Amino acid sequence: MLGKKSLKPHLFTGWWSVLFIGIVSGLGHGFNTYGISVFFKPIAAELELNRAYTSLAAGMGRLEGGITAPLVGWLSDKFGPRWIVIIGIALAGTGMILMSFITTAWHYYVAWGALIGLGLNIGLTVACDKMINDWFIKRRGLAQGIKFALISVFGIVVLQAITWLNDVKDWRFTCLVWGLILLACLPLAYIFIKPQRPENYGLLPDGADIGPGTEKGRDEMIEKGVSYASSLQETEYTFKQALKTGTYWLLIVGFTVHNFIAGGFNVHVFPFLTDIGISEALASGMMGMMIFFTIPSRFFGGIIADRVPKRHLQLLLVVAFLLQVIGISTYLLSRSMASVYILLACHGLSSGAVTPVIVLVIGRYFGRKAFGAILGTMIAFLAPMGLLSPVFYGWVFDSFLSYDTAFVTALIMAAFAAGTTFFVRTPRLLENNAAAQL
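Quick note on this note's numbering: the sequence shown kicks off at 1 and runs consecutively.
Don't take each hint at face value.
Derived PhoX-like pairs (lysine-lysine); straight-line CA-CA distance at most 20 Å [to be verified]:
| no. | residue 1 | residue 2 |
| --- | --- | --- |
| 1 | Lys138 | Lys244 |
| 2 | Lys138 | Lys224 |
| 3 | Lys78 | Lys194 |
If you're looking for bench data, these hints aren't it; they were derived computationally from the structure.
What you are looking at is a predicted structure, and each value in this text was computed from that prediction instead of being measured.
Please build the complete structure, drawing on both the sequences and the hints.
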């Protein structure tokens, strides 16, 4: 018997986990994604690096995260996400602290590229999404929408905080402070990251009613979980079965293009804005606006994904990529200040939607059984692009003193991804086997 643990809490435990994951991911990814852009020119000047080599650290983290993602996904499926999240946060926090002491380029690559990037990719991506996917089915989109919206909200807070700290002190002090903040989150990670599905705690996904009685045995709860998932037309795929579907590979194409566009643009957006004559204070505010636009697309994208029939889910991705086409085209054709705002707004709306929607599509198409392995291997395919994208943007500027070639490349790739993801369809391998066993 599961005993007292089977008593239904006032607020479903999964929601507390979503809240923690959203906040700590915002603190971590906000620093990694936007901090590098704020610190970009000071680090490049102090270490005497050009923009391509300065960008390399961000790319290294994405490459390492992609290489390790399949293992992280498999470990999350096999043993649960708790210790993976804890290890990842510890690595990232340590890397941030070490950043305050670096004196050479290789120190920078180890601290930011190896420890910060790798730690965040290990701890705050696949493993966290695995837990949310396990604990929610009917409200999965809402849960992911809340998580990603919190990441955006705290991303804005992080951006303003690190910009202010960088102004009043310097980037070294800012890295030290943020490393200590992240390490302080470790005890909370142990509390809120659950290593098993809700059935093992006497609960059903979404906090659904378990029926008469207050205590259920583990086997009975697992059976109830299967029945509940089946009632929501949840299909359980193994990793090998997912690999054989065209849907899996088409999603990789969309994910890869998104990683190229967002990976390079987010690293170089602050230098880009200051290069065209915008002050650092205004550039920080404009970046904050860009992040703000990710909030509605992440939150409402999750809610809509819960309600859209499976056969139409791909349209959310098509719209997201078309927004990139609109934003980049407007800037390249106009070059006005208004077009810069349109570029940032469209990028925020698009980049905010793609990752949550793809994560939700994976969950709705392939279920809970091998979610970690499926998402992890997808991320592995993104790894080379994660390395090359920020370096490519930097190389373009070093070569032409402008980011135009990078923007044109991103425009072409976004149009290609919009066309490709249009053909994503509900996989048919197990379409009629919604009650597959755990």
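Checked hints:
1. The hinted pair formed by Lys138 and Lys244 fails the criterion: a straight-line CA distance of about 26 Å is larger than 20 Å.
2. Annotation: proposed proximity of Lys138 to Lys224 holds, straight-line Cα distance about 15 Å (limit 20 Å).
3. Restraint check: the Cα-Cα separation between Lys78 and Lys194 comes to about 13 Å, which is no more than 20 Å; the hinted pair holds.
The structure does not agree with numbered hint 1 stated previously, though it agrees with all others.
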